[in-house]
Structures are given as structure tokens and as C-alpha cells.
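Add chains A and H to chain F, keeping to what the hints say.
Below, each chain spelled out in residue letters.
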Amino acid sequence: MFSSRVSVRLRAAVAVGAVTALAAAGCSSSTSSKSSAKGNAPINIGLITALTGSNQALGPDHLNGFQLYLDTHNDMLGGHKVSLKVGDEANGGAAAVPVAKKMIEQDHVLAIAGIVATPTIQAVVPIATAAGVPVVNTGGRPTVKDVSHLWTMSFMSTDPGASMGPYMAQNVPGSVYAFGPDYQGGYDQLRGFTDAYTKAGGKLANDGGKATFTPFPNTTDFTPFLSKVKASGAKAIYCFYTGQNAIDFVKDWSQSDAKDIPLYAAGFITEGGALKAEGQAANGIITTMNYSPDISSAANRQFVSAWSQKYNGEAPPATAMYSWDAASVLDQAIAKAGPNPTPDAVNSAIKAMGQIDSPRGTWQLSADTHVPVQKWYLRKVEMDGTALANVKIGDLATIGS
Amino acid sequence: MRIPAVLLSRPVRIGVPGAALAVFLLIAPSSFDGYGISLMSKALALGVLAVSVSILAGYSGLPTMGQAAPFLVGAYTAGVMSTHGHTVGVLQLLCGTLVAAVFAAATGLVAIRTRGVAFLMTTLALGELTVTAAGEWRSLTGGTDGMYGITAIQPLPGMAALSSDRSIYWFVLTATVVVIAVVWWVLRSPVGKLLLACRDHEARMRSAGHPVTRYQWLAYVAAGALAGFGGVLMCTVNAYVSPDDGSFSNSALVLLAVVLGGAISPLGALLGAGLIVATQDWLSGPFPGHGPLLLGLMFIVAVYALPDGVAGIRFRVPKRRGGPA
Amino acid sequence: MGAINTHFVPALDGVAYGLLLFVAAAGLTLLFGIGGVLNIAHGTLFALGGYLAASVSDGSWSSAFLGLAVATVGGTLCGGLLAAGTLPLADRGHLPQALLTFGLSLVGADVLTTVYGTDEHPVVIPKSVNGTVQIFGHVYPTYRLMFIVVASVLALVGTYVLGRTRAGALLRAAADDREMVGAMGYAPWRVHAALCGAAGALAGLAGGLGAPIIGPGPDTADKVLMLSMVVIVLGRPGSVLGAFGAAIAVGEIETLGVSISSNWAPYLLFGLMAVALVVRTFRGSSAVGAGAAAGAHA
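Residue numbers (full-length UniProt numbering), protein chains in the order written: chain F, 1 to 401; chain A, 1 to 325; chain H, 1 to 298.
Extracted from the complex, chain F is given alone in its bound form (with noise of 0.2 Å):
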């Protein structure tokens, strides 16, 4: 009897609560609606990444790359004061809708920087051209039909492939086995890879002439995989991996059959963390990246000391720079838009934009699709000093279009 009646009194409260709470969620617009800028007033930017699910491990550096910037920038972007504001595409896609709403129609964000995972570009680009907000992109970038909006710091998804694809058709004396994650942005990655390397007159070791696709995320145990490799005869082995697969992947080819058989790879495989947690395993492999934390320019030096005096010392990733860069081009792109900088404004701004001086080197965006048109690096990992790192050891193809 006890039970029933508080379940009865816990249900109302379930009610009232569902209500006002959506209720509140809809009205707490009212107040931060008329907070546009005036003057040199605060400005919102958005930035979305992955804090929780299946991309978690990629998302911090995300964040942390803006917030450095806007740390040694005194919180601001093109002399405006900026609040950041910070949302969870979780596993990307669908979550990242109401995301983007709200940073779009309650925050009246300028630009929206960030976003991981490829599936979240494609919920949330429509949305934010249509109402004319900028979207700074910092991770995977897929083909979107609409980029008018669209700003990718990073690179098309098949590029890195693209830029070793040629020099491995070289310097590879024999044929490459390619492996790469079952989902799209795997798809394109290895795409980028086979298309150049094949065009250069290379040969694939996979059974059938095509990359194995492992299942993702589910695979944890790549050795089957691995034992493949040496019995076809491969030379050399081609891998785009990120997170915990790139560290599941490294870890058992160092104790597999294929542990002589040289491992090239997307940089992402011994990204930050990653490097960290393969260790020992991961010395030896040879990457292709459009950045390396030993470049000598002032521009990186700069990153690249502030970087280590906030995180203990260590290098940048990659993607920590893309953030930097993502912020430093709407630091420019806001300073030009006025003094009542609009998202139009910003846009038109960014498109106008000739070339960025970055921790990477200088770059521009591609007028055709937006994404940067760059130099590619050889990179090796070595032990540096008393930890493993990611050493520049030459120069690979520029790309983009």
C-alpha cells in the first residue's frame, strides 16, 4: 500500500517534471537570445566532439587544441571575448542534431568548430548552412554535397593514403597488404590509398586484390587477420586505424608472424595516447601525416612550448593542432567581419582567406572543397631523448585540389 502510493506520487512528479523541464528547455531562449553582439561584445562559438561513446578517445584533443589558443589569446578571437560553448556528439550522428540546435538557435553561435566522427558532418552541416553558420571542421572529413559553410582544418579522408600510396609503389620491393576499419570513413581512407598506390603501378597482397575490412568496433583480437599477411607474400602492410583499434592492431602485429613485414600507416595510428599505450611495439612504424611536432617554424614552436607546458611535457597530437588552427582561422576570420561580426560575415571571411601560417606550415584552403591544400611528411617512430616519437624523416607529396 506504502509503495503504490508513493509510486502514485513519484509518477506525478515524473509528469510535472517531464513538462517543465521541457518546458524550461524551450524557454530559456528568451534570455540569452538578446545577447548579440554589441560592439567589441562576448561572442559564442559551438564546438562540437566526441565526449562519451565509441570516439571518446579522440575527442579531448579537440577541445584542448581550442582552448590553448583562446588560453595564450586572452580568451579571445578577432577582439572579441569568446564563450566557448562545448557539446557531446557521443557517438556522432543523430546526438549531434539537437547539439547543433541549440548552440545554432539558443547560443547564437558564430561558427561551430570540432566534430570527430564523419557521421556527425553529415547531420549537422545541413543543418548549420541553412542557417548560415560556419562549420570549422577539425576531424574526418567525407565528401558532403553542400560545403558552402563547410571549413575542414584537417584533410579529405583520402589523402593521407593518397600521399603514400605513390611513395610506397617505389620504395616497397614487392606488394602491400592494406587493412582498415568497416565503416565509411575506413572505406575512404583506404580508397585514397589503394587508388594511388595501384595507379602507381603497385599490387595488393589481400586475397582478391582489395583492403580487408575488420569489423568495427568490434574487433579486438587482430591476429587472424595478421596471419594472413605473411603467407600471402606482402612486403610491406598499409593500416588506417584509429583509438583502441590502432593500439589493439599494433600491439598484435609486434607478436605476430607479421612482425617482420614493415608497417606504414595513417599517422593516426601512433597519435598522442595511442603512442603512449602501444609503447615499444609501435618503434619502427613509418606514417604518413601533414604535421610532426619537430617541424622548425616559429609558428610550431610556439604551439608546440605551450602545448608541453600545459600537458606535462609531452608533444602535440595532430588533431590538437587542427583545433589550434580551427581557432586561428576564425580569430582572423572575426577580426576582418566588423565589429557586429555575423556568421555570414565569418563565412564570407574564411572564404576570402589567402594563405594560413600554421604549427604544419603554410597552407590554404582548396576554393573547390574546402579542405586544406597541404605538404604530407614521412614520419618514423623513434625513441626521442627517453620516449618513443612521431620524427619527421622527409617529405611526401603536397595535396589538394
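Wrong hints could be hidden among the right ones.
[What the hints assert, rightly or not] With a cut-off of at most 30 Å between alpha-carbon atoms, the simulated DSSO-like pairs for lysine-lysine come out as follows:
no.	chain 1	residue 1	chain 2	residue 2
1	F	K230	H	K223
2	F	K276	H	K127
3	H	K127	F	K259
4	F	K375	F	K351
5	F	K145	F	K210
6	F	K210	H	K223
7	H	K223	F	K276
8	H	K223	F	K259
9	F	K230	H	K127
10	H	K127	F	K380
11	F	K276	F	K230
The set of hints was computed from the structure by calculation and includes no laboratory data.
Okay, now just chains A and H, sitting in the frame of chain F:
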């Protein structure tokens, strides 16, 4: 404090929250911005899914962990129709419901044979298989990147396309009210009592000559159809569908919605879904990345504080061969 | 001969991976099959064990054993909390417990990432087992070979304790008839607490042992939970031998199966689970269903 008996009477218990909800649903949009309105649309679409779970878990005693699967099927049906130029909302609702019903009819043949935790596990496995298939069948579904930039629908042929969050809300609300009214009417009829009787007294119903398994299969198909209807609405709200919409955690969240709202109350399921959307998408706003924590606390509180809601979902006794059936 | 040669490593690895799944699932099958608690937070306990073991590991044998001890103790304590949380729900069937533990797993995931961050934590294992060995001309990780031995011993000990000791007999009796065990003078809450504690200890220990293979990271809990569920559904819940056989079968499917035909790899795990459930139901001997009935009546 004692609660006066009149406040516990059925008309008051259902009427008051029902009326409050109706007033809220009608008045709120005029004072909301697009974000608030689209959250309400999302809550309604998820609410329809929750009602379908309440038919299975509450009325039929079949707690499912895979109801997001027919939901996903409905959403993809709408997405595929839109990309092929069929953008009439009512038509999408009909087709999405139908395809999800066919899907449920097929998977139901398998799932309905199991009972209790085995049913929970079977529906979980079917749900995961559906999500995998949605990611693999790239030519139809667009793979793991999902279907994006889905064209706005027109409610009826000849009407203008729904271009704003507000107009989408009115469409979703109308569709939800219609379908919930139908569900309400069916469950208040002898059909609802029959289902409850099968849930509580399976052996007696069988010996009285009722084809209990067939009833439950029909309930499973109907719930699947309803979930598909919700999926079409979700596709309309998000203009985006991906395999993640069918995830295990979506299935678990709507089960929570049903628990919050009381197992055999469609209205409660709707409110439960509203509370979940409010928690996940709004309340967690100031704490980015801690949405799951808030939901987790909600699960824990609900289990202890709403024993009737939870107990309303009962596991059915498995039939045993040769036993005293 | 060539085919055998190609598939040798996957087949051997299937045994190691299967044993890992067995160790990972042991706590879940014990608690579910005997205690009637479907513990969705099981993977979280496994991850906790891994994090704890990783945090003390420095490459020495003493730190490795300390890590296992800490992981086991941590798992036991959380098992105790679980016992306290589920006891009031004991007579309400499986669903409230499943929902409670689902909530706990969400909270636990948040706590773990708050404490340990989102990077995977490497476990530094002793040098002598960190390398590789040659078996019939193939390279194979030493740790996994050792794991096969350790997990086999664990399986034997588990079978012995459950089947041949008084405590094991008591637990099995509690699964069939709680009241009878109560009448024998053992308070039901004690049996329940012992079960939860033992299951937590097993999960923590598994996390510590498995950490060099499935390292503790933000995905670990979900992965281990899903794999363990498949294993306990395939084996008879509560049966050590059943779980053992199922784990080896799943291990081989995930390794040898993938090696032979990778096209169906994405569907293998859950397809197998669905088929097993349905086949067993059609044959009318649903162990899982029977477990549910016990829970519903209890």
C-alpha cells in the same frame, strides 16, 4: 502526509496529467524557439517508440531490448523514399509502418518462441544484427555515415514542404495523437484485456483454447509497426538516419521511459520519453559529456522509487513441454 | 598441409581468446545462472580491474601479482556494493536488476573516464613474458601462451569449487531453492552477498589478467559485456563447463572463423547468439528460459 482518496482515483490520475500534457503540447510551441520545438518533436517520436515497448513489455510481458530495430527500419524506409522523390509524409508513415510490420512479422517468428530473459537476449541479438546490416548494406542505406540531407516532407500531396521546426512539430504532433488514439482505443477494447490475461495466466488461457502464441506474435507485429511509425517521425525530425539510431542504448532508454511512465500506460510512456529527452539533450547541456551519468542516475532512482512501474513488466513463465500446461 | 599451416595461429589464438572470454564471462555466468542477477555492469567491473592492475604495474613480477590482487579486491568491493543494491530487488525478477545495473554501468563509465581519462592505459608486463615464442615455425606472444595455462587452471579450480566443495553445493542449492537454504540456517542475504562478491572478484581478476590483451580503455566495458553475454547465452548460465565450451567456441569463431571467411565476420557473434537461443527454445530445454522462470518465481 495522507493523500485524499479522490486524488488517487483513476480519472484524476490519468485526467490531470493528460490535460496538463495536452495544454502544454498545444501552447508551448508559441513561446519556444526552434531548438525547444525540435526537442519536443524528438520526444514525441521517441514516445511513439516507447508506447510500442509498453505494448510488448507491459501488456504482453515480453520485455524487449531490441525495439530500436523496427524503429530503424521505419526510419530508413522514410529516408529511402525521400531520396527517391517520394516526399509525402502520410505515404511515408504508411510505408514505414508497413515495412516495419513485415520486418517484425519475420523476426517475430523467431523471437516470440523465447521467453523471459531469453526473449530479452534474442531481441538484443536481433537488434544488433539489424544495426550491423544497416551499416553493411551500403547501396541502400548509405552505410555507417547514414543518409543525410534528407528532403523535407509534405504532409499530404499538394501541400507545401515542411520547412521549419515549427511546421514539422505540428505534423509530428498530429501524427502522434492519431496513432496514440488508435493504440489507446485498441488497448481499451477486449484486445488489451486479452493480452493482459495471457500475460498473467498463460496456462489458463491456453487450456481455455486461446492461441496465446499467435496473440503474442500479433502484438509483436503491431508493436513493430508502431515502432516503425516512430522511426518515420524521427527521420522527419532529424532529416538524418544512421545505424546508431537502432543502437542497444536507444532500446534500453525507451525501456526506461516505459518504467518511468508505468508499464501499461501509453500516456506514461510518452511522458517518460519526454523526461529522457529532457535529461539527455537539455539537462546535460551545461555538463557536456555527462549525459550518460544523468541517465544512469535516473535508471537507479527509477528502479527503487517506481516499484509498480517496474513490477508492471513481468516475465512470463516459460512453457515447458510435457509440463502441466 | 598448407591450409593447416595457415590456420594454425588463428586456431591456437582461438583457444587463448576463448579462454580470455571464459575468464571474462565467469563472473557474469555465476551471478546470473546462480544468483539470478543479470549484471549489465559486469564489463565495468572488468574495466576497473584492468585500470587498477595497470596503475600499479611497472614490469616487475611483484607488481604484476600486486596488480592482480588489487584488481581482485577492487572487484570484490564493487561486488559487495552490487549485493547491497540488488538485495532489495531480489523478489522482483530480472528486469529491475538489469535496469539498476545498466544505470550503474553508465555511472561507472563516467567515473572511470573522470578518474583515468579517455586514453587506454597500458599494462607493463614482466619482460620474460612480454616477448614472443616460436611454435612450429610461427611467432606467438608468450603472454597469451601463459594465459592459456593460467586460465585453464582457473577453470579447473572453478569447476572443483562449484562441484566438489560444500560452499559450491550451497550456492547450487541456493539457485534451486532459496528457502531451503535459508531453512538450513544460511541467511539468504549472506548467500547473495557471497555470490556478488565472488562474481565481482572474478570480474576484477579477469580484468587484471586480460588487461595485456584487452587493455583498459573507454570501450572495454561495452565490449566485454557483449562478448560475455554471448558466452553465457551459448553455455548454460551457471555451468562452468558450459561457459568454458561456449567461450572456446566463440573464440574459435572470432579467430579461425574470421581467418577462413571474413565476409560474414560482422554478423558472426550475434547471429550465433540468436540461432543458439532459438534452437534451444525449439528443443524445449531453454536453460535461459528456465533461469528466467526461477527469477520470476523467486
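So, going through the hints one by one against the coordinates:
no. : hint            : in the structure
1   : F:K230 - H:K223 : holds, 29 Å
2   : F:K276 - H:K127 : holds, 18 Å
3   : H:K127 - F:K259 : holds, 18 Å
4   : F:K375 - F:K351 : holds, 21 Å
5   : F:K145 - F:K210 : holds, 27 Å
6   : F:K210 - H:K223 : holds, 28 Å
7   : H:K223 - F:K276 : holds, 22 Å
8   : H:K223 - F:K259 : holds, 26 Å
9   : F:K230 - H:K127 : holds, 26 Å
10  : H:K127 - F:K380 : holds, 25 Å
11  : F:K276 - F:K230 : holds, 27 Å
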